[in-house]
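Starting from the known structure of chain E, arrange chain D on it as the hints suggest.
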Amino acid sequence: MLTIEEFGRRLRTGATTSSEATEACLSRIDALDARLNAFILVMRDEARRAAQAADEELAAGRDRGPLHGVPISIKDLFDVAGTPTTAASRVREGHIAAADAPAIAHLRQAGAVLVGKTNLHEFAFGTTNEDSAFGPARNPHDDTRSPGGSSGGSAASVAAGMALATLGTDTGGSIRIPASACGIVGLKPTYGEVPLDGVVPLARSLDHAGPLALTVTDAWLVYHALVGRPASRAPAPLPVAGLRFGLLRDYFCDVLDDEVRMQFDAALGRLRAAGARVEEAAIPHAALIAAVYLVVSFGDAGAYHAPMLDRVPERYTTPVRLRAEAARYVLAEDYVRGLAARDALCREVDAALVGCDALVLPTLPISAPRIGASTVQIAGVDQPVRQLMLKLTQLFNLTGHPAISLPCGATAAGLPCGLQIVGTRMQTETLVRVALAVEGALAG
Amino acid sequence: MTVDAWLEAAIKDAEARGLPDLKPLLEALARAMRALRAADFDRPC
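Sequences listed follow chains E and D, in order. With positions in the first sequence counted from 1, the corresponding number in the numbering used here is that position plus 30. With positions in the second sequence counted from 1, the corresponding number in the numbering used here is that position plus 442.
With the rest of the complex left out, here is chain E:
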């Protein structure tokens, strides 16, 4: 699979062109998307025109930087001028975006070629991508399984070589969960770093936008373009020897699939062998995370969906309609309690990071679940899929800390596992330097 870094090297030595890379992605879409259902809209003509323009610009001596001519897919929550922003919902039938969302404008300014808009869980209100007006997206590693969600089509598009990177959103884990399930990298920056104007919200106080890509370096390059400060290259990795990790074990590692636990422990072993220090850290009120997340996310989502639920309730998929309807019942006093609890959790994550370079934990307690499964067995006990998939990621939406998921081995059946690293707020670059070090140590 071609990384952005490698594509850039080949582009600038004349070994390839943006048009060639874009045609390769479009060919992969033609060959695979009937099975994977990753795309809601393929922008063939526009992509070809943009690729040709990128090649002409480069030939004329104008180089826009690392994303110049790079084929990228976009989660269909972002406004792309002249195309519908469906949010994978019939509720938005007839919508056409008048202008690019600022994040999209930043990608275009950096030279990216948009190949299409990707499938997602309807309104990003779910973790499996099963409830979509366009049918479920499927996991390239096993098409009977979910690619994760809500940015499931996005992750599938990169894992299957249909784009070199993709733009997703993350409200409870929707970048990191599908990155883990599909075996790629997903970066949720610090809250507020990537502009969310022109993006259909799920819960505004929890929504983040960020990249999914094949490598940490690629994710960094896309992230920098998204924030409007294109970087010419990724920062140097921090030396692994001497890195200090806080291991979140209590609550977070209580319920893990055996194979996920094995891969996670093996990754920690490699980090220790490379000279990193891994010591246990704790979030004292971890047992309340799911309750706080449910009340705050429902409060936010209920406010956004109320007018549409009154007007066109029949256009929602049934599970998402029920979730959005339930969200409308949150009492103001409990929402305010949720906000206070969220502040406390934020302080607890800050405290856990004192003396550490980053926190470390698995991204998902399980590998990609089968499409349609509402429960999965762990140690002989049925566990609800939705709650499990959110369990290890949602805290960092509540607190806004930057977090990244990297591939970390696979199960015997070949299903990817993910390692999550969490950094200090407003220090996404430091987190990426740690992640580069971890990626190197796990590959070595």
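Honestly, the hints are just simulated from the structure, not real lab data. Be aware that a few hints might be false.
[Said to hold, decoys possible] Restraint ranges, calculated between C-beta atoms of paired labels, are given here:
#, chain 1, residue 1, chain 2, residue 2, range
1, E, Ala83, D, Ala458, 35 to 43 Å
2, E, Gln407, D, Asp455, 34 to 42 Å
3, E, Arg307, D, Lys454, 31 to 39 Å
4, E, Pro337, D, Asp455, 14 to 22 Å
5, D, Ala458, E, Ser57, 16 to 24 Å
6, D, Gly460, E, Ala83, 47 to 55 Å
7, E, Ala317, D, Thr444, 18 to 26 Å
[Stated by the list, open to error] Residues from chain D that keep clear of chain E, each with C-beta distances beyond 10 Å, as calculated:
#, residue
8, Asp446
9, Glu457
10, Ala458
Glycine included, each C-beta is placed from N, C-alpha and C at the ideal position.
Okay, now just chain D, sitting in the frame of chain E:
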């Protein structure tokens, strides 16, 4: 409003609106509300 009173009223309202399938979601929300109301974030665990 107590959580029990809220839950009873919410389920009744959902049923009146033709949405009886909301009951398990409302019960989950009630569990979250009870947990939050019982929590003391100023007290160390």
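Taking the hints in turn, this is what the structure says about them:
no. : hint                            : in the structure
1   : E/Ala83 / D/Ala458: 35 to 43 Å  : violated (58 Å)
2   : E/Gln407 / D/Asp455: 34 to 42 Å : holds (36 Å)
3   : E/Arg307 / D/Lys454: 31 to 39 Å : violated (56 Å)
4   : E/Pro337 / D/Asp455: 14 to 22 Å : holds (18 Å)
5   : D/Ala458 / E/Ser57: 16 to 24 Å  : violated (54 Å)
6   : D/Gly460 / E/Ala83: 47 to 55 Å  : holds (53 Å)
7   : E/Ala317 / D/Thr444: 18 to 26 Å : holds (22 Å)
8   : Asp446                          : holds (13 Å)
9   : Glu457                          : holds (12 Å)
10  : Ala458                          : holds (13 Å)
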